[in-house]
Amino acid sequence: MKIDINNITMIYPSGKKALSDITVSLESPGFIGILGPNGAGKTTLMKLLIAGLIPTKGEIMLDGKPLLSQETQLKSQLGYLSQSFGLYDELTVWQFLDYMAALKGVKSGKAVDDVISRTNLTEQRKTRIRSLSGGQRQRVGIAQALLGDPQLIILDEPTVGLDPEERVKFRNIFSEMAQNKIVLLSTHIVEDVQAVCSRVLVIYGGLILYDGSPSALIAEAAGHVGTYISQVGDPVPAGCRVVSKVNVSEGIRCRIVAEKMLDCAESVEPTLEDAYLYCIHKEGRQ
Amino acid sequence: MKFFSLYRVELRRLLLTKFIWLISALCLLTPLLGYTIYTPSLLSAMSGLYIGNPISAGTTFGGVLWAVAAVFEANRQRRSGTDVLAAAIAPPVTHSAAKAAALMTVSATVTALCSLVYLPYTAVKLDYLFNADFYFAHYLVFMLPTWWISILFAESFYRITRRVELSALIYAALAYMLCFSRFAKSKWLLWWLNPLIGAYSDGFPDIWFLRVGAYTRLMWLCAAAGLWAFSLMCQRRYQKGLFGSFARSLKKVYLPISAAALITSGTVLWNVQLFIGHGGEEFKDEYLWGDMVSESFYNVGYFIKLDPTLGNLSGIAEYHIRKPANGENCFRLNAGYKIKSMTYGGENVNFRTVKEDVNGQYDTFFELPEKGGEKLVIEYGGFPTVAQCFMPSIPNSIGENYIFLQHTDIAPLMKNYCLGDRGVRFEITFPEYLTPFVEHEPLTDFTENLDGTRTYKTTYYSDYIYNFIAGRYLTDRFSSDESIEFRFIYGDIYQPIVEEYNVRQSICDVYDYCTKHYGKTPFVLEGKPFTLFQKSALSLGGYAVPGVSTWYEESISPSTLSDPNRGANATEIFIHEMIHQWWGGVGMWCDESDGIWSSEGLTVYSTYRFVKEKYGELYAKQYYVDDWKKCVDEQNRSFYNRHPEYLEKLPESYREQLNVSNQGFNKYKRMPLMILKAEELVGGEEKMDEILGKMYSDYNKVGEQYPVTYKEFLDYCRLTEEDLKLD
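Each protein sequence line maps, in turn, to chains A and B. For the first sequence, the working numbering gives the first residue as 11, with consecutive numbering after it. For the second sequence, the working numbering gives the first residue as 61, with consecutive numbering after it.
Next up, chain A with everything else stripped away, as it sits in the complex (with noise of 0.2 Å):
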């Protein structure tokens, strides 16, 4: 699977912009991290990548083909996880699992069970959702995306609400899924696109900043990240940003990008955070 955004911009009725001109090419296998604050238009994106909006300019292409002509097939291909969803309180996982393979017209029954089981989930279908803990429903959400091994899957937030073991785990399921589909990920922890993502986008104020590996953008920041000791009350020095403050004995250890390290800190190994941070820094500057 291959798709192709061609110079999209999509502006709200609202006149907000919230894609500018956007020009990226997604093809499986690959794993793609997608990070920016909020607002920046990771959600816009991703609702256009399931033909959820129309954009105001420029045109999606699936294998090749417009996506809005292709969107049957598009839907049949697609997992999808919404940051945002609702279940139905009633019905038990399982039968709410059974609801959306027959949405999907994906065959019940095996590959219920099969997400049942990797969703970690097995307890709990007989469970109904009404039942069920928040990061299990987060669970139930993945699990839904996951049926029917769809080639293109997109996820947005969706680690939000479980617990850092869960987490581990889920990446690593991504992250197999990954090996021959498309795999999109869109998420405000940097360690969950740092573990598994071959490539990342970072997206900010509608435009595309970033899109490479992430080790490409961890060796951009290098320099540029660095720590100082501060004391209570001293402002931030011009032209940095603070990613991290730790009390020590001598005062505050502050971890700072910056596009020019001062003088009286000391040079550290960036991590993708920081070169994520220094990324948007840079842009916010210009």
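Honestly, the hints are just simulated from the structure, not real lab data. Be a bit skeptical, because a hint or two may be false.
Stated by the list, open to error - List time: in silico DSSO-like cross-link candidates among lysine-lysine, alpha-carbon distance up to 30 Å:
id	chain 1	residue 1	chain 2	residue 2
1	A	K75	B	K311
2	B	K300	A	K12
3	B	K576	B	K737
4	B	K771	B	K576
5	B	K312	A	K117
6	B	K435	B	K398
7	B	K672	B	K737
8	A	K12	B	K312
9	B	K300	A	K75
10	B	K78	A	K117
11	B	K62	A	K120
12	B	K754	B	K771
13	B	K312	A	K75
14	A	K117	B	K62
15	A	K12	B	K62
16	B	K311	A	K12
17	B	K690	B	K737
18	B	K398	B	K415
19	A	K136	B	K78
20	B	K588	B	K754
21	A	K26	B	K300
22	A	K27	B	K300
23	B	K771	B	K681
24	B	K365	B	K517
25	A	K67	B	K311
26	A	K75	A	K191
27	B	K62	A	K136
28	B	K311	A	K26
29	B	K311	A	K27
30	B	K689	B	K754
31	B	K312	A	K67
32	B	K400	B	K344
33	A	K67	A	K27
34	A	K120	B	K78
35	B	K62	A	K75
36	B	K62	B	K300
37	B	K300	A	K67
38	B	K62	A	K191
Please read these numbers as outputs of a predicted model, since none were measured by experiment.
Mind docking chain B on chain A? Use the hints.
Quick look at chain B alone, frame taken from chain A:
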């Protein structure tokens, strides 16, 4: 394939939804309203009371409940956010169709359950009148499709507006405007929620209302499905608004095409319907006749075949014409019939039918060559239309148990021509189990056909057939002391009642009593039997012609015979109904506009007098006078009757209920007591009999009869309103 898997899971999901169970349970209860507050069927036939009313109530109120369920379901998916996941992976049209089909399946199951739940009670209540096919047909024809229509409308409104309160408002407005408003009052076919049911007949069960019900439900199903298909185009997609989504959906050409096709089908069905005429609500009192050509017809023959199963007639009318009239000729025929061919002397005649409905009839114009002595043959047929102005009475129908037709339902009514001395040869074919009458005279000359039908032949001498009736009839002949012979023609289903309550004797006794006290009914012809002809309640009202008086079907209906207002027991109720031959019914009518004076009151008083003569004063006092006094006393003591100013504070429905109750009291209790008081004031029973006799005789003397007013009665008695006030 996808549809069925979606349908399966949607159905299961609905069955696990508590709200759907609640709606289903309430729907099962809705027919109960038909036993109490929602009673649309006219008259008091048992099938109307125990089939028509409950099923109509269930249909109407259940329809509203299913609309609530449909909107709730549609809104719930949106509110809960499940639509986000579903919209991404499921084809929206197929998914919507599966959801609607699932809800309709649940409603169909509830319909089936409802029919089974009420079956035992209905069967017990109707007893020998119960007909299982008739009972189940009501559920199938009225309840099920109406519930579906309701679901489709409600879903459509929600899909278009995406607002619960707005959908409810539009639904309520549509239901009110087309079903319950003044605008819809006589637009019977617009009643999509509350099926049209008129007067039921126990003795001659007719499926006319079921036929109309099936047709109108089909018509409205088309319209609702069309709107539903249209609403699919309004389904919000791509985060666009109503118009944006609609514009995008237009690209799916099958949607606008199916919506247009379905709505057009509904409109066409509305326009081509043959059940109720498209003419006005007022009877047009216009005459067809022009300058008659004396004896211009001879060898006239009508050859008619009736198919009661389909309700159709096919006929050939033949006329030998001595001398064709100049210029354009015209005949009038039931608007439901089509002229298949017209020949004169074997040559085709050009004709044109003007589709302007006059009392449920169309005029057809044609020109004949000047050459006389040839045979004009008109072939025609179809389903007889009921004139709008006669509704909800169904005067002409061809049913499996009852057939009632008038001239233009049988044969063309010619303008300018009149009949020669040789009369009309009339041949009519229909199932052998029906007994036919022309102008209340039985047809006896018939030949058996191999297909279970009979062809009856007769000759009659009139330009106009006023009525042709066929039904499952029995005929009794008996005499009274007054040496008059009665011919009592009634539905065979009533034979047990006729036997049990000795109806023959009551007829004789009442006839003798009323003739002696009030005078002979003017419809009795000297030397000829007096025919009491029971007609189906389907055609409301009654009539009397010399020698014949119609006998209301409901007079011997079990529901009438158990009404304590009409007499102390069933025999006396029957007596009461027979007395209506003098007061009300086909006898003297009272102007009931003042709310007290009524034919019913006079009849109750006469029944009391008859009973007093037959069973003694003590009996009559106990079961009549004491009962009237007790009821009038209760009525007088009623708070709202003593303080009518508080009535205004009551809701309209309660006021209406009190009003109906008071009307019943006034007719059946207060007025007989007032006449009894008048009797005392005018000088006793004999004097009152004289007054009533004079009133009756005066009423029958005048050519055009107007209802007798209360003031006229007081004038006859030389009393004032004040005199008859009951304290």
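Against the structure, the hints come out as follows:
1. Under the criterion of a C-alpha separation no larger than 30 Å, the hint pairing K75 of chain A with K311 of chain B is consistent with the structure, at around 18 Å.
2. The hinted pair formed by K300 of chain B and K12 of chain A meets the criterion: a straight-line CA distance of about 27 Å does not exceed 30 Å.
3. At roughly 22 Å between alpha-carbon atoms, K576 of chain B and K737 of chain B fall within 30 Å of each other, so this suggested pair holds.
4. With a C-alpha separation of about 25 Å, the suggested pair K771 of chain B and K576 of chain B falls inside the 30 Å cut-off, and the hint holds.
5. Simply put, K312 of chain B and K117 of chain A have alpha-carbon atoms about 27 Å apart, close enough for the 30 Å limit, and the pair holds.
6. Between K435 of chain B and K398 of chain B, the direct Cα distance comes to roughly 20 Å. Compliance with the 30 Å bound is thereby established for this hinted pair.
7. Using a Cα cut-off of 30 Å, the hinted pair K672 of chain B and K737 of chain B holds, with the two alpha carbons roughly 16 Å apart.
8. Taking the CA atoms of K12 of chain A and K312 of chain B, the gap is near 26 Å; set against the 30 Å cutoff, the hint holds.
9. For the proposed pair K300 of chain B and K75 of chain A, the alpha carbon gap of about 23 Å is at most 30 Å, so the pair holds.
10. For the suggested pair K78 of chain B and K117 of chain A, the alpha carbons sit about 28 Å apart, so the restraint of at most 30 Å is met.
11. Proposed proximity of K62 of chain B and K120 of chain A is supported: the alpha carbons are some 18 Å apart, at most 30 Å.
12. This hinted pair checks out: K754 of chain B and K771 of chain B have alpha carbons roughly 15 Å apart, not beyond 30 Å.
13. With a C-alpha separation of about 18 Å, the suggested pairing of K312 of chain B with K75 of chain A holds against the 30 Å cut-off.
14. A distance of roughly 10 Å separates the Cα atoms of K117 of chain A and K62 of chain B; the hinted pair therefore holds under the 30 Å criterion.
15. A threshold of 30 Å between alpha carbons decides the hint, and for K12 of chain A with K62 of chain B the separation of about 26 Å falls inside it, so the pair holds.
16. At most 30 Å may separate the alpha-carbon atoms for a hinted pair to count; K311 of chain B and K12 of chain A meet this at roughly 26 Å.
17. At roughly 15 Å between alpha-carbon atoms, K690 of chain B and K737 of chain B fall within 30 Å of each other, so this suggested pair holds.
18. For the hint linking K398 of chain B to K415 of chain B, the alpha-carbon distance of about 11 Å falls within 30 Å, and the restraint holds.
19. Among the hinted pairs, K136 of chain A with K78 of chain B is consistent with the structure: their alpha-carbon atoms are about 18 Å apart, no more than 30 Å.
20. Under the criterion of a C-alpha separation no larger than 30 Å, the hint pairing K588 of chain B with K754 of chain B is consistent with the structure, at around 25 Å.
21. A threshold of 30 Å between alpha carbons decides the hint, and for K26 of chain A with K300 of chain B the separation of about 14 Å falls inside it, so the pair holds.
22. Only pairs whose Cα atoms come within 30 Å are accepted, and K27 of chain A paired with K300 of chain B is accepted, the gap being roughly 16 Å.
23. At most 30 Å may separate the alpha-carbon atoms for a hinted pair to count; K771 of chain B and K681 of chain B meet this at roughly 28 Å.
24. Taken as a hint, the K365 of chain B and K517 of chain B pair is honoured in the structure, with Cα atoms around 12 Å apart against an allowance of 30 Å.
25. Note on K67 of chain A and K311 of chain B: the hinted pairing holds, with a Cα-Cα distance of about 19 Å set against a maximum of 30 Å.
26. Under the criterion of a C-alpha separation no larger than 30 Å, the hint pairing K75 of chain A with K191 of chain A is consistent with the structure, at around 18 Å.
27. Among the hinted pairs, K62 of chain B with K136 of chain A is consistent with the structure: their alpha-carbon atoms are about 25 Å apart, no more than 30 Å.
28. Between K311 of chain B and K26 of chain A the CA atoms are separated by roughly 27 Å; this keeps the pair inside 30 Å, and the hint holds.
29. Among the hinted pairs, K311 of chain B with K27 of chain A is consistent with the structure: their alpha-carbon atoms are about 27 Å apart, no more than 30 Å.
30. Straight-line distance between C-alpha atoms of K689 of chain B and K754 of chain B comes to about 28 Å, which keeps the hinted pair within the 30 Å bound.
31. Distance hint between K312 of chain B and K67 of chain A is fulfilled; the C-alpha atoms sit about 22 Å from each other, no more than 30 Å.
32. Proximity of K400 of chain B to K344 of chain B is assessed by CA-CA distance (about 27 Å); at most 30 Å being required, the pair is judged to hold.
33. Between the alpha carbons of K67 of chain A and K27 of chain A the distance comes to roughly 11 Å, so the proposed pair stays at or under 30 Å and holds.
34. Straight-line distance between C-alpha atoms of K120 of chain A and K78 of chain B comes to about 29 Å, which keeps the hinted pair within the 30 Å bound.
35. Between the alpha carbons of K62 of chain B and K75 of chain A the distance comes to roughly 24 Å, so the proposed pair stays at or under 30 Å and holds.
36. At roughly 27 Å between alpha-carbon atoms, K62 of chain B and K300 of chain B fall within 30 Å of each other, so this suggested pair holds.
37. For the hint pairing K300 of chain B with K67 of chain A, the CA-to-CA distance comes to about 15 Å; that is within 30 Å, so the pair holds.
38. For the hint linking K62 of chain B to K191 of chain A, the alpha-carbon distance of about 25 Å falls within 30 Å, and the restraint holds.
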